[in-house]
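The listed protein sequences correspond, in order, to chains D and U. Just so we're aligned, residue 1 is where the first sequence starts under my numbering, counting upward by one. Just so we're aligned, residue 1001 is where the second sequence starts under my numbering, counting upward by one.
Please keep in mind that the hints were generated in silico from the structure rather than gathered at the bench. None of these values were measured; they are calculated from a predicted model. All residues carry an ideal CB built from backbone N, CA and C; glycine is no exception. Be a bit skeptical, because a hint or two may be false.
Label-pair distances were calculated between CB atoms; the ranges are [to be verified]:
hint	chain 1	residue 1	chain 2	residue 2	range
1	D	Ser36	U	Pro1164	22 to 32 Å
2	D	Ser36	U	Asp1101	41 to 51 Å
3	D	Ala19	U	Thr1280	40 to 50 Å
4	D	Gly65	U	Glu1225	41 to 51 Å
5	U	Gly1291	D	Phe43	43 to 53 Å
Facing chain U, according to a computed beta carbon distance under 10 Å, are these residues of chain D, among others [said to hold, decoys possible]:
hint	residue
6	Glu42
7	Glu56
8	Val75
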Amino acid sequence: MLLIHCPYCEEARPEVEFAYGGEAHIARPLDPSTYSDEQWEEFLYIRSNPRGRHHERWRHTHGCGRFFNAVRDTVTDVFETTYKAGEARK
Amino acid sequence: MKRFSGFNLIGEAFRSHQGWPEHWPDKAPKASYDAIIVGAGGHGLGAAYYLAKKYGITNVAVIEKGWLGGGNTGRNTTIIRSNYLYDESAHLYDHAVKLWDGLSQELNYNIMYSKRGVLMLAHNVHDVQSFKRHIHANRLNGVDNEWLTPEECKAYCPPLDISPRTRHPVLGGALQRRGGTARHDSVAWGYARAASALGVDIIQNCAVTGIRRGADGAIEGVETERGFIASRRVGVSAAGSTSLVMKMAGLDFPLESYPLQALVSEPVKPIFPCVVMSNTVHAYMSQSDKGELVIGAGTDQYTSYSQRGAFHIVEHTLAAICEIFPIFTRMRMLRTWGGIVDVTPDRSPILGKTPVKGLYVNCGWGTGGFKATPGAGDLLAYTMAHDAPHKINAPYNLDRFRNGRLIDEAAAAAVAH
């Protein structure tokens, strides 16, 4: 089980308190009506799925309830860092 | 290839079985091939076999970064069924089930396909309605599936607890009698042996490091740890690593790779006659011919390539197993392991052409690829031989994520595969 540091609670807590939120930093379309099918495909379905550093969202569901971002290595599952939502990509 | 037969077996018995040749020779890569398959799992080896057997392309190489059948082929829970809701899915998975029948004879290799039946338990009204809908849809598609009352479930699978006081009462079940299990390693070995006998080169411990495309964008071959291998046709069947291989060709795929765990108990005498799946409590189980209870857990929630998962996933699955089968509460578990499954947004595979000429893909089988092994191999081979998909796999194209014609088995199928 992963130990995840919540940047809001400033505490490392077990994974069962958290919900995974998928890849981070995928911006919602600002003007959806102008989006082409290719852009929708990219936004909805295409994921980087890297082997190595992965930017991802987590939600501290059974804690503060807030979303935050994390950088995790997908080979070792070790977290490099976690940071608050809205902060720049690390 | 020396055929397995009663006559040969008796003959070999007189000379201590020293006369059996190796199943498949370990080949060094040639400079070029008519077709290359990336990934020597059941699907990839199956594709190579059918290319050589049915479609007449024998100058084929199967390239594998690890060892043959060492990925998800050797890590799954060996369940075979085809009771999927949608027409496209029923056709695809039933194509595979039809090929499972008689595969041992065709390959001259005992893959131990056992039609012991797959029983899916209904625990609430929603399950009952949903399963009955599945049964009707399946029967319209010519796929066998029938409804059993709780008593009939108990008769079919005696260890089941059907008393109404349990936390998850059994309200009935959907039974596919043609469903069952097969020996997963044998499937890979059987295909490898049969393909090798037809002239296919199987190259292990040779990771693909790049995909070379010509000025017109078409495939020219693959770069590997053992040098460049030329081919105009490359089929990728690399499960959890498909995203990485596709990036080498400059393609981004709608895939995410998750760990999926399974576990086995200590071996015991035959106690469990069929496969039981319970999607509501998320547990599924069968007993291998060796005697171990084979139990499938769920995926972890995060993407990973680590081939291991979290313990609480296993604990959750075992809690569900103990609830439905109190008889097993004191069984000891022997081993757990994880495999990396490639999951698409609609939980249906991608099987067909790619935007790159000469590059074909078979991926996205997620948590349920083993059952499709012969079908996926055959259809990938067909697509590579004809440069066009078969009508069964035509709906499983990449374009569906753009035009919205998804095959959304995520909601329709069971959680467990």
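Hint check results:
1. D:Ser36 to U:Pro1164: 22 to 32 Å: violated (55 Å)
2. D:Ser36 to U:Asp1101: 41 to 51 Å: Roughly 46 Å apart at Cβ, these two residues keep to the hinted range, so it holds.
3. D:Ala19 to U:Thr1280: 40 to 50 Å: The hinted range 40 to 50 Å is violated for Ala19 (chain D) and Thr1280 (chain U), with Cβ atoms some 20 Å apart.
4. D:Gly65 to U:Glu1225: 41 to 51 Å: Because 48 Å falls inside the window, the suggested range holds.
5. U:Gly1291 to D:Phe43: 43 to 53 Å: About 50 Å separates the Cβ atoms of Gly1291 (chain U) and Phe43 (chain D), which means 43 to 53 Å holds.
6. Glu42: holds (8 Å)
7. Glu56: holds (7 Å)
8. Val75: Since the shortest Cβ distance to chain U is 5 Å, the answer is holds.
In this structure, the hints that do not hold are numbers 1, 3, in rising order.
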